[in-house]
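Q: The primary structure of each chain is shown beneath.
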Amino acid sequence: KAGVTQTPRYLIKTRGQQVTLSCSPISGHRSVSWYQQTPGQGLQFLFEYFSETQRNKGNFPGRFSGRQFSNSRSEMNVSTLELGDSALYLCASSQRGGNTEAFFGQGTRLTVV
Amino acid sequence: GENVEQHPSTLSVQEGDSAVIKCTYSDSASNYFPWYKQELGKGPQLIIDIRSNVGEKKDQRIAVTLNKTAKHFSLHITETQPEDSAVYFCAASMNFGNEKLTFGTGTRLTIIP
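Respectively, the protein sequence lines represent chains A and B. The numbering used here applies: residue 0 is where the first sequence begins, and numbers increase by one. The numbering used here applies: residue 17 is where the second sequence begins, and numbers increase by one.
Worth flagging that the hints you see were computed from the coordinates, not collected in a lab. Note that the Cβ used here is the ideal one computed from N, Cα and C, for glycine as well. Every clue listed holds true.
Some but not every residue of chain B turned toward chain A, in silico, with C-beta under 7 Å: (1) N111; (2) E115; (3) K116.
Not close to chain A: a few residues of chain B, all C-beta gaps over 12 Å, as computed: (4) E72; (5) R77; (6) P98.
Computed footprint of chain B on chain A; a stretch qualifies when at least three of its residues, placed anywhere within it, have a C-beta under 8 Å from a C-beta of chain B: (7) 49-59; (8) 101-110.
Okay, chain A solo, but in the shape it has when bound (with noise of 0.2 Å):
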């Protein structure tokens, strides 16, 4: 059974710029939740979507967006990036969110320079 997949998994953007990233979860697996990891403040919720709804969300700012499609797999999108954007961005699948396993993929490491 394939794991989570996170696409692209490294990228460097320019400050001001808006950036899209991609995450495909395991197969039946309707719960995707979004983390930011940095040195200084660890692994943050960002968001989580539950067939392609939104049903809970982190202290971020409006400028982080996230979806869901039908087929589980889903995005989440950073606009006008800050230097402070920088930061490992991880992908959690699980069945059904809540108290279920949540397996994470490798992660995209966004660079904002």
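With chain A fixed as given, assemble chain B onto it according to the hints.
A: Frame of chain A, contents of chain B only:
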């Protein structure tokens, strides 16, 4: 919201010895507690989890204990091996409209050959 504290931040043990990592959580509504192992350049890997209706769970050299009254849970690794060297994260989550993982700050475990 939920807050998870993790200790120690770094831990070095001789190969073959045991390692213990401890976490405390703040919200008594949390009912699911996974542990993740993250190696350099990779996403977090789920290694064991425990639910609030269980006090202890074991999988080969890895065990997790949960004390609901004290709101703390611990990871125990016995007979440590060099490949156990990594960063370990504890997390907590709950259901019913709050489907997200709140992570501890991580423990860098180094196994000394």
